[in-house]
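Q: Take the sequences, apply the hints, and build the full model.
Chains A and B, in that order, give the protein sequences. Start counting the first sequence at 1; every next residue gets the next number (the numbering used here). Start counting the second sequence at 1; every next residue gets the next number (the numbering used here).
Any given hint could be a false lead.
If several chains are the same, the list does not tell them apart, and a pair holds so long as it fits within one copy or across any two.
Said to hold, decoys possible - The list that follows gives simulated cross-link-like pairs (lysine to aspartate or glutamate, DMTMM-like), each with its CA atoms no further than 25 angstroms apart:
#: 1; residue 1: K118; residue 2: E11
#: 2; residue 1: K40; residue 2: E195
#: 3; residue 1: K21; residue 2: E137
#: 4; residue 1: K84; residue 2: E109
#: 5; residue 1: K21; residue 2: E145
#: 6; residue 1: K85; residue 2: E115
#: 7; residue 1: K21; residue 2: E6
#: 8; residue 1: K21; residue 2: E115
#: 9; residue 1: K21; residue 2: E109
#: 10; residue 1: K21; residue 2: E61
#: 11; residue 1: K40; residue 2: E61
#: 12; residue 1: K21; residue 2: E92
#: 13; residue 1: K84; residue 2: E11
#: 14; residue 1: K85; residue 2: E11
#: 15; residue 1: K21; residue 2: E195
#: 16; residue 1: K21; residue 2: E11
#: 17; residue 1: K40; residue 2: E137
#: 18; residue 1: K40; residue 2: E74
#: 19; residue 1: K21; residue 2: D187
#: 20; residue 1: K85; residue 2: E109
#: 21; residue 1: K84; residue 2: E61
#: 22; residue 1: K40; residue 2: E11
Please keep in mind that the hints were generated in silico from the structure rather than gathered at the bench.
There are 2 protein chains.
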Amino acid sequence: MQPLVERIRAEGRSLGNGILKVDGFINHQLDPQLTVEMGKSFARRFAQANVTQITKVITAEVSGIAPALTTAIELQVPLVYARKKRPITMPEGCYVAQAPSHTKGGIVELIVSPEYLKPQDRVLLIDDFLASGRTIEALATLVAECGATLCGIGCVIEKRFEGGRTLLNHLQVPIVTLAVIDSMQEDRIFVRSPEQDTDNRG
Amino acid sequence: MQPLVERIRAEGRSLGNGILKVDGFINHQLDPQLTVEMGKSFARRFAQANVTQITKVITAEVSGIAPALTTAIELQVPLVYARKKRPITMPEGCYVAQAPSHTKGGIVELIVSPEYLKPQDRVLLIDDFLASGRTIEALATLVAECGATLCGIGCVIEKRFEGGRTLLNHLQVPIVTLAVIDSMQEDRIFVRSPEQDTDNRG
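A: Next up, the structure:
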């Protein structure tokens, strides 16, 4: 997705240890038009990959919510966002999976209520980053525990050098990302559109 | 906003102690069409209240993000979401305000980086609930600390019986809510469209 790649080039900052700061358009401030385009891009790319008849989008709070919502708007299906702390409105008997937090340290829990994810659901998993793949894997585990079918994984930014795509291979679903970072060195970020973008529209 | 009022009547659950469960369309699962309508409704209602030339929308993670994003999409301005834990991508020198958490207990911190909220900004504050008003007040404090101008407050659901509107009177800005709950008793929720909805479109 070329506008996203250009935005990362213009505003992304490499903070060392593989940490990418994109607070100006993903993790703290959002550009509404860019976020809408992410949703349209995911919808188009999954349709091209023959991922169809999706009934739910799932993501994890916090930064996954925006691109997942615009994807859900485009696909006209509900969005479920996994909670990291169980609010008192959530019943007992929820599914819980654990993943390490990349930008906050420690382990986070991801919690989904089976009220909203059913065995007949065909699920698209959307998140902001594909890095180590551990958060995505935890979400995929929750989808499986609910008995639903995971049909595709979409992440806004892929840090290819962290190997998440390889970790998720065993899930055997299409993995779509909108911008790929091959490496980051000091103040340089090597970012490009993914290989699949043969039409250059991302 | 009549579709929202009807959804609360159909699916909202009173859990006691003033806690309303709306996990099916606000706090865990989102209905994309309803969320888009919330954004359109806020934009229309603030225009009617002569709240114009907005340059930023602000909200707090987590559940404020969705209605704030659709409002930002409608107004075509960036959205800033206050973080509850400082990610390592955030610089030192951020503004921090504290508010009690209604559904999780304890005190939460709300953190905004002055990188994205400037003195020239005219800000609309959007959140999911107006209850005690303490979270909104904390966000308003952050807006003031950044030197920006708060122009209006919009909340999806107002629990009128918790008095938040009175607490926020001193901010002297229009407060727009899309559904008003006058009281909750055991399994009964007394919900209606707000008085301002003379056109019944919410």
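Q: When no copy is named, should K21 and E61 be tagged within, between, both, or neither for a Cα gap of at most 25 angstroms?
A: For K21 and E61, the Cα distance is within 25 angstroms both inside one copy (18 angstroms) and across copies (18 angstroms).
Q: Within, between, both or neither: how does the pair K84, E61 come out at a Cα-Cα threshold of 25 angstroms?
A: Both. Shortest intra-copy (7 angstroms) and inter-copy (12 angstroms) distances satisfy the 25 angstroms Cα cut-off.
Q: Please sort K21 with E109 into within, between, both or neither, judging by C-alpha distance up to 25 angstroms.
A: Both: 23 angstroms inside a copy, 21 angstroms across copies.
Q: My question is about K21 and E195: at a cut-off of 25 angstroms on alpha-carbon distance, are they close within one copy, between copies, both, or neither?
A: within (24 angstroms within a copy, 44 angstroms between copies)
Q: Given a CA cutoff of 25 angstroms, do K40 and E61 count as a within-copy pair, a between-copy pair, both, or neither?
A: Both ways: K40 and E61 sit 21 angstroms apart in one copy and 24 angstroms across, limit 25 angstroms.
Q: Please work out whether the CA atoms of K21 and E115 approach to 25 angstroms or closer within one copy, between two copies, in both situations, or in neither?
A: between (35 angstroms within a copy, 13 angstroms between copies)
Q: Within a copy, between copies, both or neither: where do K85 and E115 come within 25 angstroms Cα-Cα?
A: So K85 and E115 pass the 25 angstroms test inside one copy only (17 angstroms; across, 28 angstroms).
Q: I want to check one pair: K21 and D187. Are their C-alpha atoms no more than 25 angstroms apart within a copy, between two copies, both, or neither?
A: within (11 angstroms within a copy, 46 angstroms between copies)
Q: From the Cα coordinates, with 25 angstroms as the cut-off, is the pair K40 and E74 best called within, between, both, or neither?
A: So K40 and E74 pass the 25 angstroms test inside a copy (6 angstroms) and across (16 angstroms) alike.
Q: Should K21 paired with E92 be assigned to within, between, both, or neither, using CA atoms and 25 angstroms as the limit?
A: Classified as between: cross-chain Cα gap 14 angstroms, same-chain 36 angstroms, threshold 25 angstroms.
Q: Within a copy, between copies, both or neither: where do K85 and E11 come within 25 angstroms Cα-Cα?
A: Classified as between: cross-chain Cα gap 22 angstroms, same-chain 31 angstroms, threshold 25 angstroms.
Q: Treating 25 angstroms as the Cα threshold, decide for K84 and E109: within, between, both or neither.
A: both (5 angstroms within a copy, 16 angstroms between copies)
Of the numbered hints listed earlier, not one is contradicted by the structure.
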